[in-house]
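Q: Taking the hints into account, I'd like the entire structure generated from these sequences.
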Amino acid sequence: QKEVEQNSGPLSVPEGAIASLNCTYSDRGSQSFFWYRQYSGKSPELIMFIYSNGDKEDGRFTAQLNKASQYVSLLIRDSQPSDSATYLCAVTGTTDSWGKLQFGAGTQVVVTP
Amino acid sequence: NAGVTQTPKFQVLKTGQSMTLQCAQDMNHNSMYWYRQDPGMGLRLIYYSASEGTTDKGEVPNGYNVSRLNKREFSLRLESAAPSQTSVYFCASSVSTGGGGNTIYFGEGSWLTVV
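Those sequence lines, one after another, are chains R and F. Be aware that the first sequence starts at 159, since it is given in this note's numbering, and climbs by one per residue. Be aware that the second sequence starts at 8, since it is given in this note's numbering, and climbs by one per residue.
It should be emphasised that the hints constitute simulated quantities derived from the structure, not laboratory data. A few of these clues could be false.
Listing some non-contacts, in silico: residues in chain R with all C-beta distances to chain F over 10 angstroms [claimed, not checked]:
id, residue
1, N165
2, N180
3, D185
4, G187
5, R218
6, N224
7, Q228
8, R235
DEER-style ranges, computed between Cβ atoms [to be verified]:
id, chain 1, residue 1, chain 2, residue 2, range
9, F, K16, R, P168, 23 to 33 angstroms
10, R, N165, F, S25, 35 to 45 angstroms
11, R, V268, F, V122, 31 to 41 angstroms
Note that the coordinates shown come from a computational prediction; the quantities given were computed from them, not determined experimentally. A virtual CB, placed ideally from N, CA and C, is assigned to each residue, including glycine.
A: What follows is the structure in structure tokens.
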């Protein structure tokens, strides 16, 4: 069983709509949660991180964390063609594995004009 | 403002050949990492170095060795390349391996093909 699961997509989203990406993780002791965006042929770049239950907003992006359900999501509001990319969910493990991120395989998002 | 720099960007190797991927960061980070990325597999940690002078195995260390040359540099060596090591390799760094919100910054990647 993979430790971090994401739907591979592609997730097709009309321009201006909300894209909703989901991620589940298996390690109940996970502490920090990250969303990275990766354009084709490029390196991952951090969008935002969250480590407390609830919502965290940064511009058009909102991360949502529910540790009881072992679930983290990313909402992209007012989706733009430039948001077309693969979005990687990453999770740190328990205390003895800080910094050793476990990545999901990513969800491909395609924003259509 | 270079961040994390890795070389070479592209390399083709024959099976059995050896090579070293070089990585350097200029952000004064303590921790450095090597990941590989394969289609449908996401990023997998090969080795990491929590601080200068230490290295530890990650999820997929077999067939690789690393050297933390100094605080800035962390190299990855393939002693006898195999086709299964065809992948995109990313070097990364962070302030430390601890703490909530610990942010890992990635280099631009090295595309390695083993034939």
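Q: State for each hint whether it applies.
A: These are the hints, each one checked on the structure:
The non-interface label for N165(R) is consistent with chain F: the shortest C-beta to C-beta separation is roughly 12 angstroms, beyond 10 angstroms. In this structure N180(R) is separated from chain F by more than 10 angstroms, as the shortest Cβ-Cβ distance comes to about 15 angstroms. For D185(R), the requirement that its beta carbon stay farther than 10 angstroms from each beta carbon of chain F is met, with the minimum near 13 angstroms. Consistency note on G187(R): stated as away from chain F, and its beta-carbon is indeed over 10 angstroms from all of that chain's, at 13 angstroms minimum.
Annotated as non-interface, R218(R) keeps its C-beta farther than 10 angstroms from every C-beta of chain F; the closest such distance is 20 angstroms. For N224(R), the requirement that its beta carbon stay farther than 10 angstroms from each beta carbon of chain F is met, with the minimum near 17 angstroms. With a minimum CB-CB distance of about 17 angstroms to chain F, Q228(R) clears the 10 angstroms threshold, and the non-interface call stands. Look at R235(R): its CB is around 23 angstroms from the nearest CB on chain F, clear of 10 angstroms, so calling it non-interface holds up.
Distance hint check: the CB atoms of K16(F) and P168(R) are about 27 angstroms apart, consistent with the given range 23 to 33 angstroms. Taking the beta carbon of each, N165(R) and S25(F) are about 39 angstroms apart, inside 35 to 45 angstroms as hinted. For V268(R) and V122(F), the Cβ-Cβ distance of about 33 angstroms falls inside the hinted range of 31 to 41 angstroms, so the restraint holds.
Of the numbered hints stated above, none is contradicted by the structure.
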